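S.K.: With chain A held as given, fit chain B onto it using these hints.
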Amino acid sequence: MSRKEKSIEKTTRQHKRLIKRRKPNRSVWGDIFLYLYLLLVALIMVFPIVYAVNSALKPLDELFMFPPKVFAQNPTLDNFSDLFVTMGKSWVTFSRYLFNTVFITTVGTAGHLIIASMAAFVLAKYDFPGGKTFFHLVTVAMMFSGYVTAIPNYLIINALGWIDTYWAIIIPAFASPMGLFLMKQFMEGLPTSLIEAAKIDGASEWKVFTGIVMPNVKPAWMTMLIFSVQALWNNKAATFIYSEERKTLVYALQQIQSGGIARTGQGAAVLVVVMIVPIAIFIFSESQILETMASSGLKD
Amino acid sequence: MKEYLRKYVMLRKHNMSVAWKKAKRSKMCYAFLAPYAILFTLFFILPVVTSIFFSFTYYNILEKPRFIGLSNYISLILEDDIFLIGIKNTLMIAVITGPLGYIMSFLFAWLINELPRWVRSVAVVVFYAPSIAGNCFVIFSVFFRGDAYGYVNAFLMNLGIIDAPILWFINPTYMLPICMLVILWMSLGTGFLSFVAGLQGVDRAQFEAGYMDGIKNRWQELWYITLPNMKPMLMFGAVMSITQAFGVCDVTMALCGYPSTDYAARTIVTHLFDYGYSRFEMGYASAIATILFLMMILCNKAIQSLLRRVGT
Chain A
0 MSRKEKSIEK TTRQHKRLIK RRKPNRSVWG DIFLYLYLLL VALIMVFPIV YAVNSALKPL
60 DELFMFPPKV FAQNPTLDNF SDLFVTMGKS WVTFSRYLFN TVFITTVGTA GHLIIASMAA
120 FVLAKYDFPG GKTFFHLVTV AMMFSGYVTA IPNYLIINAL GWIDTYWAII IPAFASPMGL
180 FLMKQFMEGL PTSLIEAAKI DGASEWKVFT GIVMPNVKPA WMTMLIFSVQ ALWNNKAATF
240 IYSEERKTLV YALQQIQSGG IARTGQGAAV LVVVMIVPIA IFIFSESQIL ETMASSGLKD
Chain B
0 MKEYLRKYVM LRKHNMSVAW KKAKRSKMCY AFLAPYAILF TLFFILPVVT SIFFSFTYYN
60 ILEKPRFIGL SNYISLILED DIFLIGIKNT LMIAVITGPL GYIMSFLFAW LINELPRWVR
120 SVAVVVFYAP SIAGNCFVIF SVFFRGDAYG YVNAFLMNLG IIDAPILWFI NPTYMLPICM
180 LVILWMSLGT GFLSFVAGLQ GVDRAQFEAG YMDGIKNRWQ ELWYITLPNM KPMLMFGAVM
240 SITQAFGVCD VTMALCGYPS TDYAARTIVT HLFDYGYSRF EMGYASAIAT ILFLMMILCN
300 KAIQSLLRRV GT
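Residue numbers (numbering that gives the first Met the number 0), protein chains in the order written: chain A, 0 to 299; chain B, 0 to 311.
Possibly wrong hints are sitting among the right ones.
Here are the computed lysine-lysine pairs in the BS3-like style, where the Cα-Cα straight-line distance is at most 27 Å [to be verified]:
1) A:Lys298 / B:Lys230
2) A:Lys206 / B:Lys26
3) A:Lys131 / B:Lys20
4) A:Lys131 / B:Lys21
5) A:Lys124 / A:Lys198
6) A:Lys124 / A:Lys217
7) A:Lys206 / A:Lys124
8) A:Lys298 / B:Lys21
9) B:Lys230 / A:Lys124
10) A:Lys217 / B:Lys230
11) A:Lys198 / B:Lys23
12) B:Lys20 / A:Lys124
13) A:Lys198 / A:Lys217
14) A:Lys124 / A:Lys298
15) B:Lys26 / A:Lys198
16) A:Lys131 / B:Lys23
17) B:Lys26 / A:Lys124
18) B:Lys300 / B:Lys87
19) B:Lys20 / A:Lys206
20) A:Lys298 / B:Lys300
21) B:Lys300 / A:Lys131
22) A:Lys217 / A:Lys131
23) A:Lys198 / B:Lys20
24) A:Lys217 / A:Lys206
25) A:Lys124 / B:Lys21
26) A:Lys198 / B:Lys21
27) B:Lys21 / A:Lys206
28) B:Lys215 / B:Lys230
29) A:Lys206 / B:Lys23
30) A:Lys131 / B:Lys12
31) B:Lys12 / B:Lys23
32) B:Lys26 / A:Lys131
33) B:Lys230 / A:Lys131
34) B:Lys23 / A:Lys124
35) A:Lys298 / A:Lys217
If you're looking for bench data, these hints aren't it; they were derived computationally from the structure. All figures in this text were calculated on a predicted structure; none of them were measured in a lab.
Here chain A stands alone, though its shape is the one from the complex (with noise of 0.2 Å):
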């Protein structure tokens, strides 16, 4: 082939690519201004998380310079270090208030994603009486936040008995209305010939619930615990839980920072492992979580 066909073939795949991008009622000048105006507004949105995670590195006599650099200049895992250091010869030491945290956030996740998956798959594939019923209860829930319960569910958990432990966090997590309407709406999208054929096979509703509806709902999971996990992590659960050694990472971010201006690294540095958290879990689980969301929708 010749250099000069070579050339053609080239310029041709390029305008076939132009045709196939661009979408044929856009004007590039309108393009450019909006990617600009969007970078600008990202810029603006990710500047906290950035600063706060560089004032985390910054060693002390960084964080008091003034004027203050956003960007670390000679960055340091000090911060961290200090927080079990000097937090470890505390009455209640910052890895207590971790492993709090940590097990709250992993039982309530794990017993929320079970029964509520159990509870969607009934109500996204059998049609039974009252079924209806209880799903528009569940999206009504969805219309009124925590705080209006927040005190009758005082009474119910001292009356369980609950108060002071960490069972006053976990079981009502198990009930969120979010992740059952999520994971409903997903199961929906399920084909019921799919199902039809396990029954014929012979597989019992449990078979058939492990076996083939959770293996094919993977994406939903992902949805549920990062909504689960970004409501228990950051939980200060002030008003269940009263002992100081079962106090939560949260409350105890609340009492460094009300340590003052001595403090200040150590705050940051647990505000970084607050937030790390469920960043890291959204960022990991991206594609699978949209493709949820993707049959959020409000149907009516």
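M.R.: Positioned in the frame of chain A, the structure of chain B alone reads:
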């Protein structure tokens, strides 16, 4: 008339027996639903019912609840000036941050929808991160610190706009606007994710048909094709942002203190906490909760009937 009633009763009876037979056959369904249903009743339905019940009583945990009729509501609305401040602040925050946050969520979801795949996934993380970063908003108390070392104060003083540092979180003039700013920063939440996912699911063929029918620019495309396709997601996003907008308390409590100067940053939820957890006037707090509940549900219903008309 009698005949009609008799027939109606018969029909009801028949329906009931059919439902009962169906229910008997689907025992398995109830077994699957039971764990969730019990917990849901215990922690969502029962609390709403008891809250409405206690709102008509005087109850302080130590003594038995005593029925006092509507007087909780009457004193809330007629005598409690601080509650009125709370309502005013909550409504102001809800009316400004609710719709703005909602529009921002949709706008950014729509704009990043056309970016190349990998840029889009980075953009989703960047826009969504503030709302899942939990207590990260306390970093704003560093930016808006009240002395001359606070960044905003220092910046404004260097420019010569102000000559003395402003006490951002103590001066009632600035409290609410800054809280709204922080709430807006965090407002691209679950609804935003729903929009991003929904936009990717819109059928491409409809856009191509639109080009043929002479849709000229992206705004026409938005109104005639995209929005009607997104109705269910728009509903879902509205529910999320209304619930959030009326439940504001974390941000105001963490930044402006609890209680705040002159109660200038008091919201309905802070008032509820004050009476419920500090003064143990559970009856009064329940009345506040019931009012909040009614506001949220009514607002949701109103917005939903409004959204049904989109694109028609």
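S.K.: The structure should be examined with respect to each hint, and the outcome stated for every one.
M.R.: Here is how each hint holds up against the structure:
| no. | hint | in the structure |
| --- | --- | --- |
| 1 | A:Lys298 / B:Lys230 | 8 Å, holds |
| 2 | A:Lys206 / B:Lys26 | 16 Å, holds |
| 3 | A:Lys131 / B:Lys20 | 17 Å, holds |
| 4 | A:Lys131 / B:Lys21 | 14 Å, holds |
| 5 | A:Lys124 / A:Lys198 | 13 Å, holds |
| 6 | A:Lys124 / A:Lys217 | 17 Å, holds |
| 7 | A:Lys206 / A:Lys124 | 15 Å, holds |
| 8 | A:Lys298 / B:Lys21 | 26 Å, holds |
| 9 | B:Lys230 / A:Lys124 | 24 Å, holds |
| 10 | A:Lys217 / B:Lys230 | 26 Å, holds |
| 11 | A:Lys198 / B:Lys23 | 19 Å, holds |
| 12 | B:Lys20 / A:Lys124 | 19 Å, holds |
| 13 | A:Lys198 / A:Lys217 | 21 Å, holds |
| 14 | A:Lys124 / A:Lys298 | 17 Å, holds |
| 15 | B:Lys26 / A:Lys198 | 16 Å, holds |
| 16 | A:Lys131 / B:Lys23 | 17 Å, holds |
| 17 | B:Lys26 / A:Lys124 | 14 Å, holds |
| 18 | B:Lys300 / B:Lys87 | 21 Å, holds |
| 19 | B:Lys20 / A:Lys206 | 25 Å, holds |
| 20 | A:Lys298 / B:Lys300 | 13 Å, holds |
| 21 | B:Lys300 / A:Lys131 | 19 Å, holds |
| 22 | A:Lys217 / A:Lys131 | 24 Å, holds |
| 23 | A:Lys198 / B:Lys20 | 22 Å, holds |
| 24 | A:Lys217 / A:Lys206 | 17 Å, holds |
| 25 | A:Lys124 / B:Lys21 | 15 Å, holds |
| 26 | A:Lys198 / B:Lys21 | 19 Å, holds |
| 27 | B:Lys21 / A:Lys206 | 22 Å, holds |
| 28 | B:Lys215 / B:Lys230 | 23 Å, holds |
| 29 | A:Lys206 / B:Lys23 | 21 Å, holds |
| 30 | A:Lys131 / B:Lys12 | 20 Å, holds |
| 31 | B:Lys12 / B:Lys23 | 16 Å, holds |
| 32 | B:Lys26 / A:Lys131 | 16 Å, holds |
| 33 | B:Lys230 / A:Lys131 | 21 Å, holds |
| 34 | B:Lys23 / A:Lys124 | 17 Å, holds |
| 35 | A:Lys298 / A:Lys217 | 23 Å, holds |
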